[in-house]
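Colleague: Sequence:
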Amino acid sequence: MAKVCDICGKKPISGNNISHAHNKTRRRWLPNLQSVRAQVSGRPVRMRVCTTCIKQGKVIKAA
285 MAKVCDICGK KPISGNNISH AHNKTRRRWL PNLQSVRAQV SGRPVRMRVC TTCIKQGKVI
345 KAA
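Every letter in the sequence shown is one number past the one before it in this note's numbering, and letter 63, counting from 1, is 347.
One thing to keep in mind: the hints can contain errors.
[Said to hold, decoys possible] Ranges of calculated distance between the beta carbons of each label pair, as one might list FRET restraints:
1. G341 - M285: 20 to 26 Å
2. T309 - A346: 37 to 43 Å
3. K308 - R332: 28 to 34 Å
[As the list claims (entries may be wrong)] Cross-link-like lysine-lysine pairs, in silico, DSSO-like; alpha carbons within 30 Å at most:
4. K294 - K339
5. K342 - K287
6. K345 - K295
7. K308 - K294
By construction, these hints were calculated from the structure, which means they are not laboratory data. Just so it is clear, the structure is predicted and the values come from calculations on it, not from any experiment. Each residue gets a CB set at the ideal place from its N, CA and C atoms; glycine is no exception.
Can you make the complete structure from the sequences, with help from the hints?
Modeller: Encoded structure:
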């Protein structure tokens with residue numbers, strides 16, 4: 285399953301680990317995704333949403 289936020293589209297970004305000897309190896313920064321039951325057009329739907337969207341109130345949680 286793709287590590288993408290269903291609301292804002294946030295996805296992994298890539299860069300380098302850099303050691304003390306300045307050796308570079310590739311790495312990924314993953315978004316903090318949580319599985320949430322959200323209200324979408326009046327029905328509960330399970331979504332993968334980043335914590336930023338949850339904090340900003342872009343998600344209405346289902347009961």
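Colleague: Would you mind marking each hint as holding or not holding in the structure?
Modeller: These are the hints, each one checked on the structure:
1. G341 - M285: 20 to 26 Å: Since G341 and M285 have Cβ atoms about 25 Å apart, the given range 20 to 26 Å holds.
2. T309 - A346: 37 to 43 Å: Between T309 and A346, where Cβ atoms are some 42 Å apart, the hint holds.
3. K308 - R332: 28 to 34 Å: 31 Å, holds
4. K294 - K339: The hint holds at about 15 Å.
5. K342 - K287: The given pair, whose Cα atoms are some 18 Å apart, holds under the 30 Å limit.
6. K345 - K295: 22 Å, holds
7. K308 - K294: Since the Cα atoms of K308 and K294 sit roughly 25 Å apart, the hinted pair holds (cutoff 30 Å).
Of the hints listed earlier, there is not a single one the structure fails to meet.
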